[in-house]
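Protein chains in written order, with this note's numbering: chain A, 6 to 120; chain S, 680 to 787.
Calculated from the structure, these hints are not laboratory results.
It should be emphasised that the depicted structure is a prediction, and the values quoted were computed from it without experimental measurement.
Note that the Cβ used here is the ideal one computed from N, Cα and C, for glycine as well.
Just so you know, not all the hints are guaranteed correct.
[To be verified] Computed list of chain A residues with no C-beta within reach of chain S, every gap over 12 Å: (1) Lys20; (2) Asn29; (3) Ser32; (4) Arg53; (5) Leu75; (6) Glu88.
[To be verified] Which bits of chain A does chain S cover? Going by a derived footprint, with three or more residues having C-beta under 8 Å, they are: (7) 42-48; (8) 96-107; (9) 112-120.
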Amino acid sequence: EAGVVQSPRYKIIEKKQPVAFWCNPISGHNTLYWYLQNLGQGPELLIRYENEEAVDDSQLPKDRFSAERLKGVDSTLKIQPAELGDSAVYLCASSFRGADTGELFFGEGSRLTVL
Amino acid sequence: RKEVEQDPGPFNVPEGATVAFNCTYSNSASQSFFWYRQDCRKEPKLLMSVYSSGNEDGRFTAQLNRASQYISLLIRDSKLSDSATYLCVVSQGGKLIFGQGTELSVKP
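Just chain S, same shape as in the assembly (with noise of 0.2 Å):
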């Protein structure tokens, strides 16, 4: 079993819907989440931490739920520029593992 494991994508959406993925983790002892960005063939990039009451940033919201190890991620009124790789993370002893990731495509 894989540490950090998402849906499986891709998720093709039309502009202004909104997504919702999801993420579990199997160690407990994990200290701290975030969710990543990846472009098609470049590097990825940081997009949100994700704290335990839940935290907000524009059209994106991050939750998570230490007692199921669950990590989830919203996107509302999606934009064509969203369409990326989102990495799950968790950081371990210093440090970060990786989901395999969610390609989302937003189509016009």
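Chain A extracted, bound-state conformation (with noise of 0.2 Å):
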């Protein structure tokens, strides 16, 4: 079975410049999950989905990030404009069950560096 998939793997961009990243979560999911992770830190909830509504924005920076889980399945995260603290790891995690019981699966996560 496929697990979460997520492209691209590596993105350099100039600050201001737009980005976006695209998650394929495992067929039957219905919770996503955006995370993003810093060099020597863990990963931090950005936004929530269960099935198409985003039921958890709360850490998101809604002046600059936006995401969106059309039909449920797919997800979009994208940020505009990109300023240089923005470098980081954006992981993508789909569960089937919850996390009450711990297990998200993770994408191998999308690594933008903005210059």
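Fit chain to chain and form the complex, with the hints in mind.
So, in structure tokens, the structure goes:
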């Protein structure tokens, strides 16, 4: 069975440019998460979807970040405009039974470098 | 104060050593507890859940003390392949909150 697929794996952009990341979760997983991971830190939640509904976006910087999950399957995360401090790994994860089981399946991540 | 705090690393140990990781969490409403493992430049993966009664999976033993809001992971007879970052994780309100991780390096 295919795991969580993310693209692109690597992206280098100049500050003030836009960037978008795409995630395809495991088939049948209704819950989708976007996490941000800085070097030497643990992942930090940006947004959580239940099907197509964003049920927790309290930590998403809405002035420059946006996300969508059309049809409750694939998701995109966009940053516009990017800032130097946005350089990080953006991880997408999905789960079937929710966070209380602890079993989130992560993609390999999209590593963003903002110059 | 971070919601989940772990021992600062890195831990450098010889093969065969026993190593313990400690973690504290600040929100007493946290519901479930886990350890994740993250290899260098890879994604995090669930290592094991942590139960109040304590639980063991081979060389790995996890403990939870809800009163002290403390979680631990013990690795016995450490192997070179155990080298990774170990992330302490708690669930709250449908989401997982990660600690900053403790890096383990097992040397021959």
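Cross-check of the supplied hints:
At roughly 24 Å, the least C-beta separation between lysine 20 of chain A and chain S is larger than 12 Å, which holds for a residue marked as non-interface. Annotated as non-interface, asparagine 29 of chain A keeps its C-beta farther than 12 Å from every C-beta of chain S; the closest such distance is 14 Å. Every CB of chain S lies more than 12 Å from the CB of serine 32 of chain A, the least distance being 18 Å, so the non-interface label holds. Distance to chain S contradicts arginine 53 of chain A as a non-interface residue, since its nearest Cβ pair spans about 6 Å, not more than 12 Å.
Distance check on leucine 75 of chain A: its Cβ is at least 21 Å (rounded) from any Cβ of chain S, clearing the 12 Å threshold; non-interface status holds. Look at glutamate 88 of chain A: its CB is around 22 Å from the nearest CB on chain S, clear of 12 Å, so calling it non-interface holds up. Here the stretch 42-48 of chain A counts 4 residues with a CB under 8 Å from a CB of chain S, which clears the bar of 3, and the coverage holds. Counting residues of the stretch 96-107 of chain A whose beta-carbon sits less than 8 Å from any beta-carbon of chain S gives 6, enough to reach three: the coverage restraint holds.
Chain S is given as covering the stretch 112-120 of chain A, and this holds because 3 residues of the stretch bring a CB closer than 8 Å to a CB of that chain, at least three being needed.
The structure does not agree with numbered hint 4 stated previously, though it agrees with all others.
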